[in-house]
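A.B. asks: Here is what each chain is made of, one letter per residue.
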Amino acid sequence: MTTMSDDTFDKGKARIDPVSGVPTTGHEWDGIEELNTPLPRWWVWTFWLTVIWGVGYTIAYPAWPTAGGGTQGLFAWNSRTQVASEVADLQTTRGPVLDKIKAAPLDMIESDPQLLAAARMVGKVAFATNCASCHGAGGQGARGYANLNDDDWIWGGKLADIRQTIEHGVRWDADKATHASAMPAFGRDGVLTPEQISIVADHVRTYAETPDSDAPTPEGEKLYAENCAACHGVEGKGNPEMGAPALYDQVWLYGSDKPSVVARIVNGGGAVMPAWKDRLDDTTIKALAVYVHSLGGGQ
Amino acid sequence: MSSADAQHQLLDEPFVEAAHKVYNKKVDGQFRRIKWGIQFATLAIYYFLPFVRWHRGPDAPSQAVLVDFPHRRFYFFFIEIWPQEVYYVTGLLILAALILFLMNAVAGRIWCGYMCPQTVWTDFYMTAERWIEGDARDRMKLDEGPWTAGKIRKKLAKHFVWILIAWWTGGAWVLYFGDAPTLVYDLATFQPGVGQAYLWIGILTFTTYVFAGVMREKLCLHACPWPRIQAALTDEYALNVTYRRDRGEPRMSLKQATAARAANLPSGDCVDCGQCVAVCPTGVDIRKGAQLGCIQCGLCIDACDGVMEKIHRPTRLIAYDTEMNLKRRACGEEPIYKTFRVRTVFYAALILAIGGFMSITLATRGDMYMNVLHDRNPLTVRLKDGGARNGYTIRFANKKPETRRFVIDASGLAGAQTEVVGVAPDSKGKVVIEVGPDQTREARVLLSTRGAASSKGQAPVLFTATDAETGASVVVKDVFIWP
Ligand code: SF4
Ligand code: SF4
Numbered sequence: 001m002t003t004m005s006d007d008t009f010d011k012g013k014a015r016i017d018p019v020s021g022v023p024t025t026g027h028e029w030d031g032i033e034e035l036n037t038p039l040p041r042w043w044v045w046t047f048w049l050t051v052i053w054g055v056g057y058t059i060a061y062p063a064w065p066t067a068g069g070g071t072q073g074l075f076a077w078n079s080r081t082q083v084a085s086e087v088a089d090l091q092t093t094r095g096p097v098l099d100k101i102k103a104a105p106l107d108m109i110e111s112d113p114q115l116l117a118a119a120r121m122v123g124k125v126a127f128a129t130n131c132a133s134c135h136g137a138g139g140q141g142a143r144g145y146a147n148l149n150d151d152d153w154i155w156g157g158k159l160a161d162i163r164q165t166i167e168h169g170v171r172w173d174a175d176k177a178t179h180a181s182a183m184p185a186f187g188r189d190g191v192l193t194p195e196q197i198s199i200v201a202d203h204v205r206t207y208a209e210t211p212d213s214d215a216p217t218p219e220g221e222k223l224y225a226e227n228c229a230a231c232h233g234v235e236g237k238g239n240p241e242m243g244a245p246a247l248y249d250q251v252w253l254y255g256s257d258k259p260s261v262v263a264r265i266v267n268g269g270g271a272v273m274p275a276w277k278d279r280l281d282d283t284t285i286k287a288l289a290v291y292v293h294s295l296g297g298g299q
Numbered sequence: 001m002s003s004a005d006a007q008h009q010l011l012d013e014p015f016v017e018a019a020h021k022v023y024n025k026k027v028d029g030q031f032r033r034i035k036w037g038i039q040f041a042t043l044a045i046y047y048f049l050p051f052v053r054w055h056r057g058p059d060a061p062s063q064a065v066l067v068d069f070p071h072r073r074f075y076f077f078f079i080e081i082w083p084q085e086v087y088y089v090t091g092l093l094i095l096a097a098l099i100l101f102l103m104n105a106v107a108g109r110i111w112c113g114y115m116c117p118q119t120v121w122t123d124f125y126m127t128a129e130r131w132i133e134g135d136a137r138d139r140m141k142l143d144e145g146p147w148t149a150g151k152i153r154k155k156l157a158k159h160f161v162w163i164l165i166a167w168w169t170g171g172a173w174v175l176y177f178g179d180a181p182t183l184v185y186d187l188a189t190f191q192p193g194v195g196q197a198y199l200w201i202g203i204l205t206f207t208t209y210v211f212a213g214v215m216r217e218k219l220c221l222h223a224c225p226w227p228r229i230q231a232a233l234t235d236e237y238a239l240n241v242t243y244r245r246d247r248g249e250p251r252m253s254l255k256q257a258t259a260a261r262a263a264n265l266p267s268g269d270c271v272d273c274g275q276c277v278a279v280c281p282t283g284v285d286i287r288k289g290a291q292l293g294c295i296q297c298g299l300c301i302d303a304c305d306g307v308m309e310k311i312h313r314p315t316r317l318i319a320y321d322t323e324m325n326l327k328r329r330a331c332g333e334e335p336i337y338k339t340f341r342v343r344t345v346f347y348a349a350l351i352l353a354i355g356g357f358m359s360i361t362l363a364t365r366g367d368m369y370m371n372v373l374h375d376r377n378p379l380t381v382r383l384k385d386g387g388a389r390n391g392y393t394i395r396f397a398n399k400k401p402e403t404r405r406f407v408i409d410a411s412g413l414a415g416a417q418t419e420v421v422g423v424a425p426d427s428k429g430k431v432v433i434e435v436g437p438d439q440t441r442e443a444r445v446l447l448s449t450r451g452a453a454s455s456k457g458q459a460p461v462l463f464t465a466t467d468a469e470t471g472a473s474v475v476v477k478d479v480f481i482w483p
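In order, the protein sequences belong to chains H and E. Number 116 in the working numbering belongs to position 116 of the first sequence; there are no gaps in the numbering. Number 219 in the working numbering belongs to position 219 of the second sequence; there are no gaps in the numbering.
Hints were generated in silico from the structure; no laboratory data involved. Accuracy of the hints is not assured; some may be wrong.
Below, a list of computed lysine-lysine pairs in the DSBU-like style, where the Cα atoms sit at most 35 Å apart [what the hints assert, rightly or not]:
{"no.": "1", "chain 1": "H", "residue 1": "K237", "chain 2": "E", "residue 2": "K456"}
{"no.": "2", "chain 1": "H", "residue 1": "K176", "chain 2": "H", "residue 2": "K102"}
{"no.": "3", "chain 1": "E", "residue 1": "K477", "chain 2": "H", "residue 2": "K102"}
{"no.": "4", "chain 1": "E", "residue 1": "K477", "chain 2": "H", "residue 2": "K158"}
{"no.": "5", "chain 1": "H", "residue 1": "K176", "chain 2": "E", "residue 2": "K428"}
{"no.": "6", "chain 1": "E", "residue 1": "K477", "chain 2": "H", "residue 2": "K258"}
{"no.": "7", "chain 1": "H", "residue 1": "K222", "chain 2": "E", "residue 2": "K384"}
{"no.": "8", "chain 1": "H", "residue 1": "K102", "chain 2": "E", "residue 2": "K430"}
{"no.": "9", "chain 1": "H", "residue 1": "K237", "chain 2": "E", "residue 2": "K430"}
{"no.": "10", "chain 1": "E", "residue 1": "K428", "chain 2": "H", "residue 2": "K237"}
{"no.": "11", "chain 1": "H", "residue 1": "K102", "chain 2": "E", "residue 2": "K428"}
Only chain E is shown next, with the shape it has when bound in the complex:
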């Protein structure tokens, strides 16, 4: 082909395919049932989780999952996260990314096909649409037909149900940020002080309606970065929804195929019925090979299996298979499946390591906390007798539901004198700080060494806070600096 021809061919194909509406057909089968299961579970969790109660005593909220912004706490069943511990959230995000990578290495974009909220809600919306407007043919006819009273009624009903779902979605979201039953009551009775919740419900209702109702697969194709990223992360061993063209081609009608087989001529199993395309929620023709639009939902497998059963051919003409196996079959080799590869084992090991580390630190973290901040300005101060003084801001946290007394001590600096502003030492010369239940307290601590030129440079200091009753303690290292 000359370069001019190539250029022509390029110009024949549109750079960007014109947007077209996808009328996907209903389908039933193994993967559709898995999808129903996951969809039901994820939606149920999302909508009802805020109502799960978890008793934590009189001073803490009894909601199992709660993001408590006013008090800066995050509750997740038995776990309580303080602002000082947000790195757990970071850890969770890293874990989520790694799990996504692992899923991708094993089976391509199955996250997209089964669990992505965009997919789950779009499917929810499509179900509602099918229920009101009928299956693909009916919907197509309805859209092409004139605006009759019946059409208007159906359209209105559909959008009403959609907005209802969207509103419920936005409503469930705000319940994660306040006591759910109280919030529902306050929202329903227009109590003052929940204006922000209304705003968020409004925003999320709107976005859900637009994303799941209007944009649907357009979002996956044009807005979501994951297809692009995953394309760079995948390899030829990853399972992907694959049309086994070695078995399917050359495609021809059932009649032609029977004739060809009788005449010992090449014939494929694909009867070109187009069912795989008809059921695809993103309008992809999987027989063209792996492509950006495919979200690996497996619905085309279900559709094609149905066809194969009817014409008495083996199922799984379309299946979760690998690029590698397509090539191997073309050369007459046996297919191989390699789930355990450097990539997958590496991701799994990382997930285990990070997850394990987080669990251990979560399980062993203390119920008290100390954060030491050395004064930046000035770093150090010269005293009258030539000694030096350093200032520190120390924050203590008491995570127990009762008031506790911490004995504060600085060690590692010979002859240094410790003062806590506003706290006089007790009769034994100990500095004791009282911190209320489930609270933090900030103290300003001054450390002074006496005598001229006692030292130079800097030296490590250890701050210790010891629970006066239980003897539990935390130690934090910092430095003392001389002028």
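Extracted from the complex, chain H is given alone in its bound form:
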């Protein structure tokens, strides 16, 4: 401001700028003058309209915090009641179909195209919310998490089996009806020696004719018959009653390479799945069973 000369600085006395023909505000800094270009009128109008609108809005809708929780607005509208009413609307449109699913016997749902489509739709959403985190978005599973698209069903793949598994879970201690049996830890509990485990693992792998498996040995056969056949059946046919997977096939939940098989025999145990009957209603569980069944056709 030091170079401001007194003769040009004349606050309040605006003059017309000769170049642009626009009045100045009378402000000048270092020889640079400020032109007086007011905001366009439509802009100012719009601004004031928004202000008025804004005030009206806070009166019409819940806005101001008060000691009692806030103003309610003229229409007593709030997003919570809106959500509630939308959910209620949804129930009325979906209600009839859901009631039909609820009433229909499980086997009948699939043979009615409309019910099947509805059940698959409901089931798909429930699956994405509750099951996809373990079984994958398309039910494709992962190591230790069953693939629901194939034809290998440890606890049975019929509609009723699937429903039972969803309702009560697997090794879910809080549910008495859960699938409880588990594989013993042959290694950790000292039932078999490491050497025996290696032999029986080799033997088991011959059932499935894994690419690098050798021919069966009498010793392996004997060990298998004594320790494994009771659950996994002769020649590894499996037993869905006990959740003992078939060993003769190509689907291996925990991998078919030797270290994986040895690890299973050493540690035993088994995967856990929650029982869903306390969290999902009966209709949803039915829809889920139909959906999962339709993924791989079940058995």
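Dock chain E with the ligands against chain H, hints included.
C.D. replies: Then chain E with the ligands, alone, in the frame of chain H:
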């Protein structure tokens, strides 16, 4: 001119011309009559088309033109478009763009001057305004004068008529989305369930009123992109409303011109009467040459022709002419008109090709439809015996008004087994799916090959749906993938 002078001159002219109200005068003539004709036709189509009936049988609506959102159908006379066929709509949009390009290549912005809804409604509004407030001079006087009772009455009447037109415009719009007579009844009697229609009528009433009543040519000048785009698409052979300055200049009064002619001095035909500017709906002075504001409506031609007739000079001092001819006349050459140029022929050929292709596909499209979607997740599944399984979601559509049975078959994969979830094969081992009249049905199809390591990589599969009665079929190709 020094650069400082040039700069000064630039500064003298405002960067943006201040907005001013256009009081355009009434005019009569050839182009005005063409404009009336087109305006009458387009408005009549718009307002009354929803009431045209078209019988389609008991299960389909009898409205000739209907956008049926709830049932996802679009009806246009004998054409019925399903959601799977929206590409016809895309095709129509492409056609519309090409037709616009062609119009532009032949005769500049005539779309703007004659057919653009903005022009048509603005003209409609101006007619109402002229009817209530009088012609340009009266309106100008009225606006300048004090607020008398008469002025207030006129203004109120004008805005009332405007809003009425706008309301009718918005009302006609919603009739395209529902059965028109029923909707009119429901709207008039405040039936429940038409709230959304009221909302749309409100929105469109408001926009029509603002666009055609308040903004008018401002919209063309400042909001519409087409003038800018067309300026890039045009060339010197395109017909444009042109002031033939070779004939008009130097302009002078009729008296001066007669004197000049007698003295063998140069004189133009333009008598500087300003009629061309007075009638222009966008306030353009066409004698300054081609400009952004001109919508090629030709009204100035009509005005100038009227003047020329009165002073007994040849008409068409202003005419649809080309930039090229202005230059040629200036050099004393004959004008040339080239409607057939690479540009126009190219656009016309494209329009014919796309239009022809669309007509053929429309005429030959089937009354059944199949859409196959391969599972993304998982792409493939290994089965117990080492075989593989792929899942597909297949949607069938039956466009006939009766229930039909489709036999589903997958071929191209030796030994593969086809299962449709929820559908048991019939006694002959065929999978048959029933689809209701005018409906679609989704089915989940599982394809499995048996036996270890049956193959590797992927192989094509053909899905076929055959009408059990007529034998008509559709085939869709997809792939089978091994783990
Ligand atoms: S200059 Fe002529 S053609 Fe262009 S908008 Fe005005 S009246 Fe219409
Ligand atoms: S109407 Fe014709 S004569 Fe009159 S000013 Fe315009 S161009 Fe000139």
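A.B. asks: Against this structure, judge whether each hint is valid.
C.D. replies: Going through the hints against the structure:
{"no.": "1", "hint": "H:K237 / E:K456", "verdict": "27 Å, holds"}
{"no.": "2", "hint": "H:K176 / H:K102", "verdict": "24 Å, holds"}
{"no.": "3", "hint": "E:K477 / H:K102", "verdict": "38 Å, violated"}
{"no.": "4", "hint": "E:K477 / H:K158", "verdict": "32 Å, holds"}
{"no.": "5", "hint": "H:K176 / E:K428", "verdict": "46 Å, violated"}
{"no.": "6", "hint": "E:K477 / H:K258", "verdict": "41 Å, violated"}
{"no.": "7", "hint": "H:K222 / E:K384", "verdict": "25 Å, holds"}
{"no.": "8", "hint": "H:K102 / E:K430", "verdict": "31 Å, holds"}
{"no.": "9", "hint": "H:K237 / E:K430", "verdict": "32 Å, holds"}
{"no.": "10", "hint": "E:K428 / H:K237", "verdict": "32 Å, holds"}
{"no.": "11", "hint": "H:K102 / E:K428", "verdict": "34 Å, holds"}
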